[in-house]
Amino acid sequence: MTLTTTTSTPAAVTAVERPTQRRGRRRPGAWLAAVPLLAFVALAFGVPAVAMLNGALSVDGSYGLGNMSQSVHGAYWTALLGSVKLAATTAAIAAVLGLLLAQAVVTSRGKALREAVLTASGVLANFGGVPLAFAFVATLGNAGVITTRLGLAQHGWSLYSFWGLALTYLYFLIPLMVLTVAPALDGLRPQWREAARSSGASAWQYWRHVGVPVLLPTLLGGFVLLFGSAFAAYATAASMVGSSVPLVTMQIADALSGNVLVGQENVALALSLDMVIVALLVMAVHLPLQRRSARWLA
Amino acid sequence: MARLTYPLRPWRGAVLLIAGIYFLVPLLASLVFTVDVPGQGLTLESYTQIFSADGFTAALLRSVGLALCTVALALLLTLPAALAVRLSGSGRLRAVLEVVCTLPLVVPPVALVAGLGTVLKWGPDHLATTPLYQTFVAIQNPSFPLVLVFAYVVMALPFVYRSLDAGLRAVDVRTLVEAARDLGASWPRALFAVVLPNLRTALLNASFLALALVLGEFTVASLLGFQPFAVWIVQASGDNAQLSVAVSLLSLLLTWGLLLVVTGLARTRGTRGARKSRKKEAV
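Quick mapping for you: the protein sequence lines, in order, are chains A and B.
Take the first sequence: its letters are residues 1 to 298, numbered as in the UniProt record's numbering.
Take the second sequence: its letters are residues 1 to 283, numbered as in the UniProt record's numbering.
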């Protein structure tokens, strides 16, 4: 590391000393400092990604779309739809609830409450996966404390269902949204609200014409982030529901470990490619909007 | 900044109350689940037997080792690149790095492990006669699977890069380095005594995110067949549900403690540094 920085920085200093020539000139030193990172990503991320693409598109030694079409039919298609539905539902709910919670905290006068909620969000947003699944099984599972005390099972409650899983996902998605949207809410200047109020706008009109339009890119960005997290989640579902809710991540895991049929590895790779395509599509919506938010919330 | 004071509206109280219930009930219920065992009454046995449980220590130590290696490697790779962007002001390098460090977000861990598994299979399939084969075997050593560190660094990269970039944005690195160099500091000294202390919060944030990610990671490890902490919890749950819930609660406490340590470090060091610089100003 020291080696790369020392080689990079003299070149950087010459750039500083001659600011007029800074733009448009090649600085091999700066690129040299980035070489280890780029090489690592190429090796640890690029090679597996290419292997995935290659495997997904090869059928019996030649290239074809057989795996891809298999991955969007039958049980695989159901699982893909199930994942998209679960991710979209939980992300939408968490975005709204996270916004409400963040607004409640940001506008409260007590600084302690704000600090406590933001710290707790930092912890809970990282409390995903296996421990989260077990906490919910202990609470709302078949032998869970709340289930047995309140007799929820008689009312048809099951944690091992779509809504049970959704309720569990919200536990880390809402804090993630709070963390995402709180800085943007802080960026809403009180002057805008004052200006709206002195021009005779109601609270509703303020939010309709000022607040939400300014926040919209952040909200959509948050939604994309939440969607991505929920869509990619595997550990929670795998250690909780088994296969009672069809999810694409579990189909991939099953196909990889040869649980269903031997020789399904390429379909697993095709499903992985499907996931990447969905993630790319969702992200493509968000990128152009991100620029707009920077203008207001800088 | 003059803030408008808002009257305490009922909706705010309702939101906070519902959120409080939703977030506290699973934790309290888990606690009750672990101490109130059916047929045994109140007992702390779930917690006392954790440390003697089969494989607990090995799995935990493996996870901690993987986490520390991941943090070290991620910072070693990302810091020079992020610094070079700020010092050189190269727009093209910045754009390239931003794309490269966002890409892993598009590939979910399950998809990454599908690709990774395919590559690892090349070892025995195609490379068995080449010296590269030994490398493939070495990085898959079950007691310390280096290949997991590689995967985790890729997964942590977006968060680590963003955190460092935000930290670098907040300080004028170029002026700092220039000033240090003008005062006769060598390059390593300018880096370690001037730049890095200013990045302390960003470095700590990046480390926390990477640590939390690795300590709780299940997907990649379980699908590649290794057994760090999270995989161990799932296997232990088959024998003893109380034990696995107890360990889950402890791991939440561990994350909490980690975050408190990180914010605490950032705060105390920060004020000490500020005090020092104020003293210097006075002199």
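Quick caveat, the hints were computed from the structure, so don't treat them as lab data.
Be a bit skeptical, because a hint or two may be false.
[Unchecked claim] Listed next, with one range per pair, are the computed distances between beta-carbon atoms: (1) A:His-155 <-> B:Leu-196: 49 to 59 Å; (2) B:Thr-135 <-> A:Trp-77: 36 to 46 Å; (3) B:Thr-57 <-> A:Gly-110: 15 to 25 Å; (4) A:Ser-62 <-> B:Leu-253: 52 to 62 Å; (5) B:Leu-132 <-> A:Arg-189: 15 to 25 Å; (6) B:Leu-42 <-> A:Arg-189: 46 to 56 Å; (7) A:Ser-62 <-> B:Ala-128: 49 to 59 Å; (8) B:Gly-257 <-> A:Ala-112: 31 to 41 Å; (9) A:Pro-190 <-> B:Leu-265: 49 to 59 Å; (10) B:Thr-43 <-> A:Gly-110: 32 to 42 Å; (11) B:Leu-253 <-> A:Val-96: 21 to 31 Å; (12) B:Thr-130 <-> A:Val-59: 49 to 59 Å; (13) B:Leu-146 <-> A:Asp-60: 32 to 42 Å.
Just so you know, even glycine gets a beta-carbon here, dropped at the ideal spot from N, CA and C.
Against the structure, the hints come out as follows:
The given range of 49 to 59 Å is respected by His-155 of chain A and Leu-196 of chain B, whose C-beta atoms sit roughly 57 Å from each other. Taking the beta carbon of each, Thr-135 of chain B and Trp-77 of chain A are about 39 Å apart, inside 36 to 46 Å as hinted. Restraint check, Thr-57 of chain B to Gly-110 of chain A: a C-beta distance of roughly 42 Å breaks the suggested window 15 to 25 Å. Checked against the hint of 52 to 62 Å, the C-beta distance between Ser-62 of chain A and Leu-253 of chain B comes to roughly 54 Å, which is consistent with it.
For the pair Leu-132 of chain B and Arg-189 of chain A, the beta carbons lie near 59 Å from each other, so the given range of 15 to 25 Å is not met. Distance hint check: the CB atoms of Leu-42 of chain B and Arg-189 of chain A are about 54 Å apart, consistent with the given range 46 to 56 Å. A hinted range of 49 to 59 Å for the beta carbons of Ser-62 of chain A and Ala-128 of chain B is inconsistent with their spacing of about 25 Å. One distance hint, 31 to 41 Å for the beta-carbon pair Gly-257 of chain B and Ala-112 of chain A, is violated here, with the actual separation near 20 Å.
With their beta carbons about 33 Å apart, Pro-190 of chain A and Leu-265 of chain B fall outside the hinted range of 49 to 59 Å. Remark: the range hint 32 to 42 Å for Thr-43 of chain B to Gly-110 of chain A is upheld by a beta-carbon distance near 39 Å. Taking the beta carbon of each, Leu-253 of chain B and Val-96 of chain A are about 30 Å apart, inside 21 to 31 Å as hinted. Separation of Thr-130 of chain B from Val-59 of chain A is about 28 Å and departs from the stated range, judged on CB atoms against 49 to 59 Å.
Between Leu-146 of chain B and Asp-60 of chain A the Cβ separation comes to about 34 Å, which falls inside the hinted range of 32 to 42 Å.
In the structure shown, a violation is registered for the earlier hints numbered 3, 5, 7, 8, 9 and 12, in ascending order.
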